[in-house]
Structures are given as C-alpha cells and as structure tokens.
Amino acid sequence: MQRKVREIVQKLPLWIRGLIINMVALLLLLAVFYMTGNYLYGPAKTARAYCDAKLSEDWNKVYDNCKLPDSKFLSRKIFVNANSYQEEGTKKKRDKKEMTSYMLRKQKGDAKRSTYKVSYSLKDDGESYSDNLVMTRGESVLHWFHNWYVLPEDLYLKDIKLTVPEKAKITVDGICLSGGKPSEDKNLAIYKLPYMFRGNHTIELKEAGKETYQEIFEIDNQRSVEVVPEFALSNESGREISERAEQAVNEIFKATSGNQSFSKVSQFFAEDSFASAESDFNKLKTKFSTKKRAGISTLSVTRITTSVKNNKEDKMSAEIEIRYTVQEVKRRFFFFYKDKNYSDTESLKVRVAKEDDRWVFDHGIIPLLEKDR
0 MQRKVREIVQ KLPLWIRGLI INMVALLLLL AVFYMTGNYL YGPAKTARAY
50 CDAKLSEDWN KVYDNCKLPD SKFLSRKIFV NANSYQEEGT KKKRDKKEMT
100 SYMLRKQKGD AKRSTYKVSY SLKDDGESYS DNLVMTRGES VLHWFHNWYV
150 LPEDLYLKDI KLTVPEKAKI TVDGICLSGG KPSEDKNLAI YKLPYMFRGN
200 HTIELKEAGK ETYQEIFEID NQRSVEVVPE FALSNESGRE ISERAEQAVN
250 EIFKATSGNQ SFSKVSQFFA EDSFASAESD FNKLKTKFST KKRAGISTLS
300 VTRITTSVKN NKEDKMSAEI EIRYTVQEVK RRFFFFYKDK NYSDTESLKV
350 RVAKEDDRWV FDHGIIPLLE KDR
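For the sequence shown, numbering that gives the first Met the number 0 gives the first residue as 0, with consecutive numbering after it.
Note that these hints are calculated values from the structure, not bench results.
Predicted model, so just to flag it, every value in this text is computed and none were measured.
Misleading hints may appear alongside valid ones.
Unchecked claim - Within a straight-line C-alpha distance of at most 25 Å, the following computed DMTMM-like cross-link-like pairs (lysine to aspartate or glutamate) qualify:
hint	residue 1	residue 2
1	Lys-166	Asp-153
2	Lys-185	Asp-57
3	Lys-263	Glu-320
4	Lys-53	Asp-123
5	Lys-205	Glu-250
6	Lys-284	Asp-172
7	Lys-166	Asp-184
8	Lys-76	Asp-172
9	Lys-168	Asp-123
10	Lys-253	Glu-270
11	Lys-157	Glu-225
12	Lys-60	Glu-97
13	Lys-116	Glu-126
14	Lys-291	Asp-338
15	Lys-353	Asp-279
16	Lys-76	Glu-270
17	Lys-284	Glu-229
18	Lys-71	Asp-172
19	Lys-116	Asp-172
20	Lys-180	Glu-210
21	Lys-60	Asp-184
22	Lys-329	Glu-270
23	Lys-282	Asp-361
24	Lys-180	Glu-225
25	Lys-308	Glu-229
26	Lys-60	Asp-172
27	Lys-253	Asp-338
28	Lys-329	Asp-356
29	Lys-253	Asp-153
30	Lys-308	Glu-327
31	Lys-107	Asp-153
32	Lys-263	Asp-338
33	Lys-105	Asp-130
34	Lys-185	Asp-123
35	Lys-116	Asp-63
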C-alpha cells in the first residue's frame with residue numbers, strides 16, 4: 000500500500016509534489032500555532048498562574064489573573080492593601096510554597112464561562128489539595144484565541160452595611176462615602192457599600208471640632224460593621240471654646256451691669272436655651288446697683304479657667320471657674336451709702352454646641368452671684 004502511494008506520488012509533476020509538501024508543513028505549523036496559542040491564552044495557564052500567585056501571596060499577580068465587577072471599591076490598590084496589612088512593629092511570615100504536581104479538569108460550563116477543578120500538591124508536603132475555580136473568557140487575541148480570567152467571588156463580599164456616627168464624614172480605603180441613611184438610633188447613620196474585599200480596610204471619621212479618628216478593621220464573612228468611636232475634642236476646638244467662653248462671660252457682665260437687653264448677648268446662646276438664658280440674664284441684672292437700688296457697683300473678672308470635655312451622650316460640655324472682685328453698695332440714702340469690697344469664685348457647668356460655625360452655650364454660662372455676704 001505504501002509502495003503504491005509512493006509510486007503515485009512519484010508520478011505526479013514536481014510542482015504538485017512540492018505543493019503537497021508545503022501544505023503538510025503548513026498544517027503542522029498551524030497545529031503547533033494552535034496548541035501554543037491554547038496554552039498561552041487558555042484557561043490552564045491562567046489557573047496555574049492564579050494558584051501560584053495566591054500560594055506565594057503575590058497579590059498583584061493574583062489581581063492580574065482575576066476578572067472583577069467594575070467598582071471603585073475593588074481596585075488593585077485596595078486589594079493589595081487588604082491582603083498585605085501587618086501590625087506595626089511585626090514582621091509578616093511568609094512560607095514559600097511550591098507546587099510539585101498540578102492538574103486542571105473542566106467540570107461544567109460553556110465556551111464563555113466554565114468551572115474547573117484544580118488539584119495540586121506542595122513540595123515537602125504529603126497532602127493533596129483541590130479547589131474549584133470559575134473562569135470566564137475575556138478579550139480576543141490574534142482572532143483565534145482569548146484571554147481567560149478567574150472570577151474570584153470568594154475574595155470579596157457584596158452589600159456591606161457600615162454604621163458610623165451620623166455627623167461624621169467618612170472615608171473608607173481613601174474613598175469618601177455619601178448618602179448615609181439614619182439608623183433607628185438617631186445618632187448613627189448607615190452606609191451601604193456594594194463590594195468589599197475580604198481582609199483589612201482603613202476607615203477615617205471626621206467630625207467638626209473633634210480629632211480625626213482612624214482605624215483598621217477586618218472584613219471576613221460579616222456583612223455588617225459598626226465603627227462608633229468616642230471622639231476626642233481637638234486642641235484647636237478646645238482653644239476656640241475657651242476663648243469664646245471668656246468672651247461670653249465678659250460680655251454678659253458688661254451687659255447686665257449696664258442694664259442692657261438680652262439681645263446684646265444672645266449670640267452666645269444656643270437657640271433652644273434662649274428662654275432660660277434670658278430669664279437668668281434678667282436675674283443677674285437685679286444684682287447690680289442703679290439709681291434706685293443698691294447692689295454691685297463694680298465687678299472685675301480677674302481670671303477665667305475653662306475645661307472642655309465630652310460626656311457619654313457625646314455632647315460637649317465645659318466647666319468654667321470665674322474669679323472676680325466686687326465693690327457692692329449695701330445701703331444708699333441720698334448722698335450717703337455703705338459699700339463692701341470682696342473677691343470670690345464661681346463654678347459653672349455649661350453645655351456647648353456649634354451653630355452656624357460658631358460655638359454657643361446654654362444658660363449655665365450666666366453667673367448668678369448668689370453667695371450671701
């Protein structure tokens with residue numbers, strides 16, 4: 000049979016024999032090209048690269064072989080940081096793992112999306128391991144081939160709820176969040192994030208007049224995270240409140256001793272305390288002397304000390320100590336009167352708030368000067 004084929008070929012014209020040889024060579028080249036392309040751009044190489052990178056904790060290469068939803072919360076930088084975090088002052092241990100055997104089998108799927116079972120073993124380890132990878136076909140290469148990517152749904156979570164203080168401006172992994180909705184507790188707000196990688200994340204909370212709060216928290220299987228810190232008052236805000244309190248006390252004494260109206264000092268009070276503040280203001284006015292009434296003729300404030308703090312309800316408060324000297328008219332009869340000079344202190348407990356970018360107080364900032372003499 001082979002002899003007959005050889006005789007037939009030998010009887011063919013030389014150009015036909017050359018054409019046949021070239022066609023066979025071309026088919027062989029195409030076969031090699033196709034097999035090489037399938038290896039370079041097929042799912043097998045991607046799956047192997049993904050497993051190698053994951054075992055060696057090369058998170059950049061892991062990310063290169065993944066296909067992720069289009070979201071700013073699933074960026075390369077966030078992914079690498081989520082998996083690379085280590086506590087300050089500690090050294091992360093990396094055990095070099097090397098695969099000694101590897102097998103990829105297709106379990107189900109079609110030309111665009113398939114599930115593969117990866118089986119492998121590690122060097123110096125007698126155990127065998129397996130994992131299921133869902134892979135999808137990507138963009139075409141050289142028209143005949145396609146890149147393949149792993150769909151790593153085990154690396155991230157969907158629809159995470161983040162609960163923080165309502166008034167805080169929140170930044171997660173460098174991304175500013177907006178659109179938070181009030182929770183059942185009116186002091187808190189809930190933000191919904193479409194995706195978050197498993198691992199460690201940074202959160203930054205800023206609230207007016209308080210120190211910026213930063214924390215690193217971990218996401219694993221939980222879809223709800225609560226970050227409700229006790230904010231510390233910033234040094235700058237403490238200084239502003241102290242200066243504002245000193246100004247308020249001096250202006251209150253000036254207005255009451257001059258028998259002026261409450262409107263002269265209303266700028267120092269919170270709107271919800273106007274009524275009680277005006278009542279105490281008018282009581283303080285009765286302590287000062289007039290042409291018809293004996294009382295304090297001169298009052299000088301010698302020192303004001305303010306200590307600002309937060310209480311459990313996260314309401315800012317201040318304790319103010321006032322030291323003052325007084326000249327008081329005890330009795331008046333025509334041009335004859337008797338006066339008394341003394342010094343004293345009074346402690347005030349004041350609620351502090353911020354309205355229209357200025358610090359305001361409740362009625363507690365009004366000294367009552369009620370000590371008997």
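Going down the list of hints, with the structure as the test:
Distance hint between Lys-166 and Asp-153 is unfulfilled; the C-alpha atoms sit about 34 Å from each other, more than 25 Å. Distance check on the hinted pair: Lys-185 and Asp-57 sit about 44 Å apart at the alpha-carbon level, beyond 25 Å; violated. With a C-alpha separation of about 23 Å, the suggested pair Lys-263 and Glu-320 falls inside the 25 Å cut-off, and the hint holds. As the CA atoms of Lys-53 and Asp-123 are separated by approximately 18 Å, the hinted pair is consistent with the 25 Å bound.
A distance of roughly 32 Å separates the Cα atoms of Lys-205 and Glu-250; the hinted pair therefore is violated under the 25 Å criterion. Simply put, Lys-284 and Asp-172 have alpha-carbon atoms about 56 Å apart, too far for the 25 Å limit, and the pair is violated. Straight-line distance between C-alpha atoms of Lys-166 and Asp-184 comes to about 13 Å, which keeps the hinted pair within the 25 Å bound. Restraint check: the Cα-Cα separation between Lys-76 and Asp-172 comes to about 9 Å, which is no more than 25 Å; the hinted pair holds.
For a cut-off of 25 Å, the pair hint linking Lys-168 to Asp-123 is broken: about 51 Å separates their Cα positions. At roughly 22 Å between alpha-carbon atoms, Lys-253 and Glu-270 fall within 25 Å of each other, so this suggested pair holds. Our distance criterion of 25 Å between C-alpha atoms is met by Lys-157 and Glu-225, whose separation comes to about 16 Å. With a CA separation close to 16 Å, the supplied pair Lys-60 and Glu-97 stays within the 25 Å bound.
Taken as a hint, the Lys-116 and Glu-126 pair is honoured in the structure, with Cα atoms around 17 Å apart against an allowance of 25 Å. This hinted pair checks out: Lys-291 and Asp-338 have alpha carbons roughly 15 Å apart, not beyond 25 Å. With a C-alpha separation of about 21 Å, the suggested pairing of Lys-353 with Asp-279 holds against the 25 Å cut-off. With a CA separation close to 47 Å, the supplied pair Lys-76 and Glu-270 exceeds the 25 Å bound.
Taking the CA atoms of Lys-284 and Glu-229, the gap is near 40 Å; set against the 25 Å cutoff, the hint is violated. At roughly 10 Å between alpha-carbon atoms, Lys-71 and Asp-172 fall within 25 Å of each other, so this suggested pair holds. Distance restraint check for Lys-116 and Asp-172: the Cα-Cα separation of roughly 34 Å exceeds the 25 Å cut-off, and the hinted pair is therefore not satisfied. Between Lys-180 and Glu-210, the direct Cα distance comes to roughly 23 Å. Compliance with the 25 Å bound is thereby established for this hinted pair.
Simply put, Lys-60 and Asp-184 have alpha-carbon atoms about 44 Å apart, too far for the 25 Å limit, and the pair is violated. For the hint pairing Lys-329 with Glu-270, the CA-to-CA distance comes to about 37 Å; that exceeds 25 Å, so the pair is violated. The hinted pair formed by Lys-282 and Asp-361 meets the criterion: a straight-line CA distance of about 16 Å does not exceed 25 Å. A hinted pair counts as satisfied when its Cα atoms are at most 25 Å apart, and Lys-180 with Glu-225 qualifies at roughly 14 Å.
For the given pair, Lys-308 sits about 11 Å from Glu-229 by alpha-carbon distance, which is consistent with the 25 Å threshold. Pair hint Lys-60 plus Asp-172 holds up; C-alpha atoms about 21 Å apart against a cutoff of 25 Å. For a cut-off of 25 Å, the pair hint linking Lys-253 to Asp-338 stands: about 20 Å separates their Cα positions. The straight-line distance between the Cα atoms of Lys-329 and Asp-356 is roughly 43 Å, outside the 25 Å bound, and the hint therefore fails.
Straight-line distance between C-alpha atoms of Lys-253 and Asp-153 comes to about 69 Å, which puts the hinted pair past the 25 Å bound. The suggested pairing of Lys-308 with Glu-327 is violated, with an alpha-carbon distance near 35 Å, which exceeds 25 Å. Taking the CA atoms of Lys-107 and Asp-153, the gap is near 19 Å; set against the 25 Å cutoff, the hint holds. Straight-line distance between C-alpha atoms of Lys-263 and Asp-338 comes to about 29 Å, which puts the hinted pair past the 25 Å bound.
At roughly 12 Å between alpha-carbon atoms, Lys-105 and Asp-130 fall within 25 Å of each other, so this suggested pair holds. Restraint check for Lys-185 and Asp-123: the C-alpha separation of about 57 Å exceeds 25 Å, so the hint is violated. Simply put, Lys-116 and Asp-63 have alpha-carbon atoms about 20 Å apart, close enough for the 25 Å limit, and the pair holds.
Going through the hint list in order, the structure does not satisfy hints 1, 2, 5, 6, 9, 16, 17, 19, 21, 22, 28, 29, 30, 32 and 34.
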